[in-house]
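Student: Single-letter residue listing:
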Amino acid sequence: MQLTLNEKRLLLELVKTETTTPEEMGIILDRPADSVVQYGGLLSQKGLATVDRSVTTTLSLTTEGEQYLAEGVPERQLYNSFEESASIADLNRHPHAKIGLGWMKRLGWVKIEAGNVIKTGDAAPSPIEIALKNPDAAPADIRKDLLKRGLVTEEESVRYTITITDEGKKLAAAGITLTEETGTLTADQISSGAWRDLSLRRYDITKHPRPVWPGKIHPYQRMIDEMRRILLDMGFTELHGSIIQGAFWNFDALFQPQDHPAREMQDTFHLAGKQELPVGWEKVRDMHESGGDTSSTGWGGKWDPEKAKATVLRTHTTSLSIQHLAAHPEPPVKAFCIGRVYRREAIDPTHLPEFEQLEGIVMDTHVNFRNLLGYLKEFYGRMGFESVRFRPGYFPYTEPSVEPEVYIEGLGWVELGGAGIFREEVTAPWGITCPVLAWGLGVSRVAMLRMGLTDLRELYQSDIDWVRNMPVVQGGRC
Amino acid sequence: MPVVSLPYNYLERLCGTDRKTIIDHLPMIGSDIERILEDQVDVEFFPSRVDLYSTEGVARAMRGFLELETGEEVYPVSPSSITFSVDENLKEVRPYIGSAVIRDIQLDNEAIISLMGVQEALHWVVGRGRAKVAIGVHDLDKVTPPFRYYGAPVSRSFIPLDYDREMTLTEIMEEHPKGRDYSHIVKDKPVMPLIEDANGNVLSFPPIINGELTRVTESSKNLLLDVTGTDERAVMTALKVLCTTLITAGGRCESVTVNGVVMPDLSPTLRNIDVTSCNKLLGTSFSADEIATILKKMRYGAEKTGDTTVSVRIPCYRADIMHEWDVYEDVAIGAGFGTLEAELPATFATGCEHPIIALASAVRDICSGLGYLEVMPFTLSNEEVMYTRMQREPDPKALHVLHPISEEQTLVRTDLLPLLLDLLRMNKRRELPQRIFHTGDVVSSMQTYQKLALASTHPGADFSEAYATTDALMRELGISYIPAESADPAFIPGRAVDIMVDGKKMGVFGEIHPGVLNQFDIDQPVIGIEIDLHLLFPGQKETKS
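Sequence order for the protein chains is S and Y. Counting along the first sequence from 1, when you hit position 51 you're at 51 in my numbering, and nothing is skipped either side. Counting the second sequence from 1 gives a position; my numbering is that position plus 1000.
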C-alpha cells in the first residue's frame, strides 16, 4: 500500500493515541489542522482510519444582544426606570415601553391594576438575562427566544475526530519506514541524477486547484472578431471612420426626409457646430425635392441645406457605407463595417444609447435581390444560424427591403437585422449605376442570443467574474 | 411605428376569410404582429404603408394577397354642391385644406374605432404629430354649408369635444387636454385656424380639437372630412387614405369644392413598368403577364402592354410608391419572398482589414498576453468620471452632446483610464488581482482616434509593475520611448512617467493617486497606463470626421 509521508506520520501517531483531533495532531505533526483532516481522509479511503465529522451549533451575540448584555434587557431597563409603581401612561413614554411592559408582566415582575403598573417585589434575573451571559448553556426553549428576539445568531462549527482502525494498527505493527518525501524537484536533483533515490510525494488529485484567471479578449469582442473574419473570408473590405457625422451623410444622402422624426433631438445626439456639405450636394437636394433624373417623385417640398449641416453622433454605420460608395462609384465594391452607433435612448436592459452595428454592402453590375438573400443566408449560416427566412421590411433608403429571421431553438423565428437594395435616390447622386446590396445587423442583439444575456449592460459594464467564466471556446465555436 | 388593432369579427367580415389564415399571412404583406389577443390582433405596419392603418385597408390588401379579389378597387366620387372657402390670412399659418363628404355610411362601434385608429396613425406618421397634417371627421347633418376655413382671433369661442361649455381658443389651448398637447403648433401664430359653417357654428379648431356639435356617433349617416396642414401633398395623401377607407367601410364619396378646386381625386396614377429591369433587379424571370397578375394581387390595376412592358395603375392611397423600384418590391412581395431562391453571385473581391482595426487586434493580443482581461466600456461619459474624480482639469477639446439624456452621458470620452477605474469600482468585490484593459475610439477636437489603457489592482500593485508592463507594451508595439517625470495629478507625484516619443507625449503610466482612488471608492492600490495609438500611424494622422 502506497502511503505518503504525512499519512505514515499520522498513522504512527494514531497508534499511540488511538483517537485524535486535527488540532492536537496538527501541533504534533507541525501541519495545519486542515491538512491533518486531509491526511486522515486519505487514510480512511484506504480503510486505515475513520474520520468522524460532527457539527455543533454555537450561539453568538448580535450587536443588539451585546448592547442588552451591557445595558440590560429592555424589560430590566424599564423596570429600573420607576419606583414601586407607575401609571401605564407614564411608562409608555419610556423608549422600551412597548417590549418591556409585556415581558415584565410575563416574567411576573409586575402586576397591572387600574391602569397602574405595580412591582411584585420578585425581579430575579430572567432566563433570557442568564442566557445572554452564556448563550450556549441555555436550555433549548430559551435559545429559541434569543433567536426570535434577534439577540443571538447561530453558527455552525464542524469538529473532526480521527480514529485508527484495526487494519491501520496491523499495518503499523508490520512496520512503516519514514523516508523523507520530495515535493518540488530542484535543478540539482534533476541534473545530478539524485532523483533516482528520492521518494517523490504523490499529490491528492481529488483536491481542486486554486483558480487561475488568464488575460483574455472580451467575449463580445471575440464575437465581433468572428463576424469580421467571416466577412473578410467572404472577400469584404473593412471600413472604419469617425463617430461624428454631418446630418448630410447620416440622413440626407440616405434619402431620409428632412422632417423625419428620427432626425430630431429626441432620437439623435446632436453636437455643436456645422459640417460643410460635400461637392455634389445639390444632386441630393434635387433627389429629395423632385427625384432628380430618376423615375422617383422625391419627397416634394423644400430641402434645407442648413438642416443637412447639423453635426450628429452617427446613428448607423450606413453613413460610412454611402461615403465609401461616393468615393468608389465604379463596380465592384464589397465592404463592411462594424462600429459603435448612437441613439438617444434611456438605458434599460434591452436599450442602450450606444451599441455596435454591422453593415455590409455589395455593388456590382449584375447583382440582384436574390443575391442579397444569398449573402444573408451565407453570412448567417457561417454565424451558426442554419435556418434563415425572409419577409418584407421597410427602411427609408432601401427598395426592395427585407427583414431576415433566423430560427433559434427555444425562441422560434427571431428577427435579426435588416437588408435591401439601396434606392436609386441614394445611389444616383454619386454616379453609381449598379445596384448596391446592403444589410445591417445589431451586433449586441446577436450577443444577447448567443450568450443568453438578459441585460445588454453586461457587455459594456461587465462583471469581471462573468468575463472570467465565459469560455473562449463555446460548443466548439471560437 | 404605429400599432393598429384589428378586431377579428370586423376583419373576418371585411376579408371574407378566417382569422387564422389572415394572421398567418399578415407578416408576408409587411407587418410585425405585436400581440394576438382574444378578440383582436395588434399589428405594427411600416410607416410607408399608411393605407394599412385601418381594418378596412388591411382587409383590402389581404383579399388581394389571398386572391379572393384582385386588381384595383374603383372609388367613384359624385359631385356635390358643398363648398369651402379658404381665407388668405391662413397663408403663413396653416394654408392647406382638403375635404370630402361621405354619405350613407353606417358606422358601428368597430368601424368608429377603426376610423379613430387610422386618424391617429395618420396624425402621427403623415402629420408628424399633427404639425404637418391634422384630420377632422364631422357629422355633416349637424351643420350647414358652405364652410369657411379662416384665421380667427384667440378670443373666439365654441364648445370643444368632451366639454359642455363654451371656451375661448386661449382657454382651449391652456385647459383642454388636446390643447395642452398640440397648442405648441399654432400658439405663436397671429391668427388661429378655424372651420365654421354658414351660420357661424364652429366645426373645428385644427390642429387641436373639433367642436362637440359635429361629434360622430353610431347614428351619424353623412360625414364631412377636413384635413388641414402645411404640406399640400401630405394633406392630400391623408385625405385619400381616409376617403378610400370609408368607401371600403360602405360609404359613398361626394366631392367638395375648396376655393374652386374639386376634390378628392381618387383616381390612380399611371406608370409603365419595364419587365426586363424589374427581373434584373429581383433576379427573376417573370413574363409581362405574370407581373401583371402578381401586381393585381397587390391591388394594382395592371395590363400587359407589350412583351416587356406592363401598364400599372397605382391606387391613390399608395403614397409610398415614389419610384419604379417601389413597384418592383411589390412584385417580389406578391410573388412571395419564400419563392425567391437565395443565390450567391460571382463578385470577385479580396478581403482587406482596416489598418486601424488590425492594430487594435494586435494590441489586444499583447495585452491579453500580459495577463490583462479586456473590457468594453461605453464611449459616452461625463465630466465627473472623466475629469473630477481623476483630479484633472476638464479637457476643453472634449465633445459635449447638446441634449444629453442623463447626467451619466454628457460627453464623448477623451480618455479611457477613468472608465477602467469606474469598472474596478463596480468589481471591487471580485477576486484580486484584477488586470483589465481597453482599446477604442476617443474624440478630441471633433477628431476620432484610438487609445489604449490598462489598469491593475491588488495589494502589491506598484510603480515597478506599471513600468515593467509599459516597457513590455512599448517593446511589443515596436516603439522606443523616453520616460519623463510626469505632473499628471491623477498619479502619485514621483511615481508617474510621461511616455515621450520623438519629443511628443504619447502616454502616461504610474500609481494612481489615493485621492483618485477615494473618489472612485476603490480600496486597493491601482496602477494605470494610457497610450495614444494614433501616433502609430505617422502617415495617416487622425481619422477625419
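Accuracy of the hints is not assured; some may be wrong.
[Claimed, not checked] Just some of the chain S residues that point at chain Y, by a computed CB distance under 10 Å: (1) Glu238; (2) Asn371; (3) Ser387; (4) Phe390; (5) Ile464.
[Said to hold, decoys possible] Derived DSSO-like pairs (lysine-lysine); straight-line CA-CA distance at most 30 Å: (6) S:Lys207 with Y:Lys1397; (7) S:Lys283 with S:Lys302; (8) S:Lys307 with Y:Lys1428; (9) Y:Lys1397 with S:Lys274.
[Claimed, not checked] Here are a few chain Y residues that face chain S, going by a calculated C-beta distance under 7 Å: (10) Val1086; (11) Arg1156; (12) His1403.
Simulated from the structure, these hints should not be mistaken for laboratory data. Think of the CB as a built atom: it goes at the ideal place given N, C-alpha and C, for glycine as much as any other residue.
Student: Where does the structure disagree with the numbered hints, that is, which hint numbers, in rising order?
Tutor: 3, 6, 8, 10 and 11
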